[in-house]
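> Here are the chains, one letter per residue:
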Amino acid sequence: MSSKPITTYTLTRRGWLVGAGGVALGLMGALPAQAEDTIKVGILHSLSGTMAISETTLKDVMLMLIAEQNKKGGVLGKKLEAVVVDPASNWPLFAEKARELISQDKVAVVFGCWTSVSRKSVLPVFKELDSILFYPVQFEGEEGERNVFYTGAAPNQQAIPAVDYLMSADGGSVKRWVLEGTDYVYPRTTNKILEAYLKQKGVADEDIMINYTPFGFSDWQTEVSKIKAFGSAGKKTAVVSTINGDANVPFYKELGNQGIKATDIPVVAFSVGEEELAGLDTKPLVGHLAAWNYFESIKTPANAAFIKEWHDFIKNPKRTTNDPMEAHYIGFNMWVKAVEKAKTTNADKVIAALPGIKQANLTGGVSEMLPNHYITKPVFIGEIRADGQFDVVWKTKSLVPGQAWSPYLPGSKDLIADWVKLNCGNYNTVTKTCGGT
Amino acid sequence: MRFGRACLVALALAFGLALGVANAQAVSLDDAITHFTADDFDETLIGVNEVVASGSSRAETIIGALQNGQLMFSAEKKAVYIQDAAGQLVDAATGQPAGGPPPDDLDSVHLNNRLRGAIDAAMGQLTLLSRDPERRYQAAQAVFKSRAATALPTLEKAIAQETDGRVKVALEQARAAILLTTPGTSEADKLKAIATVRDRGDQDALGLLADIPAHETPVVAKAASDAIAAIQTRLAEWDAVQNLWYGLSLGSVLLLAAIGLAITFGVMGVINMAHGEMVMLGAYVTYVVQEIIRNNAPALFDYSLAIAIPLAFVFAGCVGILIERCIIRFLYGRPLETLLATWGLSLILQQAVRTVFGPNNREVGNPSFMSGAFDLGGITVTYNRLWIICFALAVFVALLGLLRYTRFGLEMRAVTQNRAMAASMGIRTSRVDALTFGLGSAIAGIAGVALSQIDNVSPNLGQSYIIDSFMVVVFGGVGNLWGTFVGSFVLGVANKFLEPFAGAVLGKIAILILIILFIQKRPRGLFALKGRAVEA
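Top line first, the protein sequences correspond to chains A and C. Just so you know, we're using my numbering here: the first sequence kicks off at 1 and counts up by one. Just so you know, we're using my numbering here: the second sequence kicks off at 1 and counts up by one.
The hints are simulated quantities; they were obtained by calculation from the structure and are not laboratory data. A virtual CB, placed ideally from N, CA and C, is assigned to each residue, including glycine. Watch out, some of these pointers could steer you wrong.
To be verified - For each label pair, taking beta carbons as the anchor points, the in silico distance ranges come out as: (1) C:ALA160 / A:ASN316: 58 to 68 Å; (2) A:ASN316 / C:ARG135: 38 to 48 Å; (3) C:LEU376 / A:ALA67: 35 to 45 Å; (4) A:PHE215 / C:ASP302: 48 to 58 Å; (5) C:GLU76 / A:LYS358: 27 to 37 Å; (6) C:ASP107 / A:ASP164: 46 to 56 Å; (7) A:GLY202 / C:PRO298: 47 to 57 Å; (8) C:LEU393 / A:PRO301: 55 to 65 Å; (9) A:LYS72 / C:GLU76: 46 to 56 Å; (10) A:ALA305 / C:ALA297: 35 to 45 Å; (11) C:PRO298 / A:LYS318: 12 to 22 Å.
Please put together the full structure from these sequences, using the hints given.
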């Protein structure tokens, strides 16, 4: 399954590969009978460019899940067929490829996107062509679309519990906060929500410092010494990091080199998982934290089976599993159940069938698709171990339902999404109207 | 923090009191360590305190093992072991080898940050009287941070018998920290303690003084606020030095990234968008070298960079020559085509690396001499940055020497200054072109070795440096190595002085605007080439 860049290739049930894009499309037109035997599942993840580092894994896990489902006999008596496209970390290309998947390949559902900007770019396409997107990554929320199902964490399923943990005695009773992020929409919105939340909890203005750095930032000397200085005011200080992607490695290296230990100033990260740590010597980072809804180190039979299946599929026992992979696992199985319940792959019927579907997650709970198209998830706080895995030090008592709109932002505190009773993604509970503020 | 620490102190005090009052009931080590089998953070904390309170000679070993993650337990057998480096189990309480096969539910005792803090404090207390001065120093620092009142008697004893000046100061600072934060210290003692802490004068001291309870007597409160002001003034002065150092360090990184481009773009005039990928190839050579060393000869790890540098030079150089022979030589004098061709080439190289090594970051370790930091006055100097500055300077000097004193350097300068004349003097200009491009690429390759120490080793590594490199070369003046040298340090220092005020994002924008304005005024950059060569 070599991933050829910028080509469309098609995996049929016989497992043969149709080569480069044009050829594939031509052949598909010529073989309509072939296409009707299968249900097509679109996979829209970047296999080249900056985001390939994170998204390639998700393409692989989807291929694994589809192969596994086909071994069980497929869905509605038909085999599933993966259609993989490469939007090449290029946001407008995401929309083009989504259109190609829905109108040319006639996929029943699409699993894809990582960055919020790529999701926003494909939204109009999914609305116009009325299809379904499963989005697996933790993000800033503030969205409730009929065609999108959000299996990643909303801010109330990651950021808020992490801050609660740090405020607790076990987390170190943190009184002073550095909100450090990469300069784009996810960190900015998350930090806005966190700032409002912290102030509501009585944290003074001067005890909050917010910093942004560009994408791929690599010279962290000044930022880290700023954090060090901010942390020397006699109050326990913590860093809440929404630093994304590649910038994390030099950030943690600089922390280690400047001798900031987790016992002095802990860093809790929302975008650092097992994959990101794989490129890093984690010994100086032991004790720094991450908040996720899944960790590879969590010991449950379901997780052990999933990890084994993954290693067998990818043929590399060193490859890690991570949170967005679990999100795809939950989302895919929910979609299968919904299709079986609706007895069709028709988008409208599946969208109606999805809310209320329950699926066991890999950490021992049962996640449920909610009317707002978010799911219920447990929240874990993990500490980085010397081997690059995480030790769970805290978890929520029960599963947390995802909130589409944050109650801590002035613009969205009255909004809710409900596609079952209200049939609305931004219903204002004060004015009782659908359509926002 | 304050609450957490109060809890700790209270706990520690409670155990200390329990010991003092009811000495007959002093916890035995065996009882203490059974707390570790509960797999519960609160129980483990009690265990740590009881082990310290037991006064056993094994306490230091046990707490040390806990600190290093070597303390194992079996909940079923209610047994606690220490696992040594070879994986052998030793009974924690007795130090005797544990007989029989390891229990099925063997697991390490889990820690969180609260516990790690308590363990650091406990270790500090246990090693205050250690024979090794370095350990005593570390212990004093740990006690300074923990301010655990229980350590005071041991601390007094340690101060009385200390002979090493540096350690003695640290011990006295630790005592001052405890005195300042425990109730019941006399005002005179507190004033003395504030003076001691004030002399320490770093950020930890600042944190301690800011933490002094608000209900102090006016004299103490005033002394504390004076001390805070004094420390802050001192730190502010050092801030400028720190910014300068950071600027030089950033400048050295820019110099490394740009110096190869100064040859391919600056001297040859080839707009080489694949320059960053040469840097990336150098970084991957480092990765491969380290991987081989890790698997075959781990003892050589500290020499991995020394081995990687010549290999990266040769490898990136060969790739550069190949590119020049296959693509660029057909495109001389056609800058637009060169730009597009090398841009395409950079994408091909990235995807090739992605296919071979995968899209994920690769781990490149720091050799021991490049890890950590030391304090110089009020600033922290990290070793990796220091070495990279030295390396950048060495590369620059070597390159200057090559151009000035070797036959190849002479030919190269001749060809770039007047190709036709050089050719008629018998210089094989096309060979010189290939070698020059190879040299530029090779230098980018060794820059990659250095940059692998501070940045990600991923297929995208080169992209983040290409814009900065062009910026430096254009700013410094095309065709002049000294321009690149001065340009990179000027930009680095300017960036680091802007960053604290403007933030990282605005700082970068401000630098770009400044460069644009500068280029308007001096289109040829800082060091403009003069003479007929410019017209050619």
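> Hint numbers the structure violates, sorted upward?
Failing hints, ascending: 3, 4, 6, 9.
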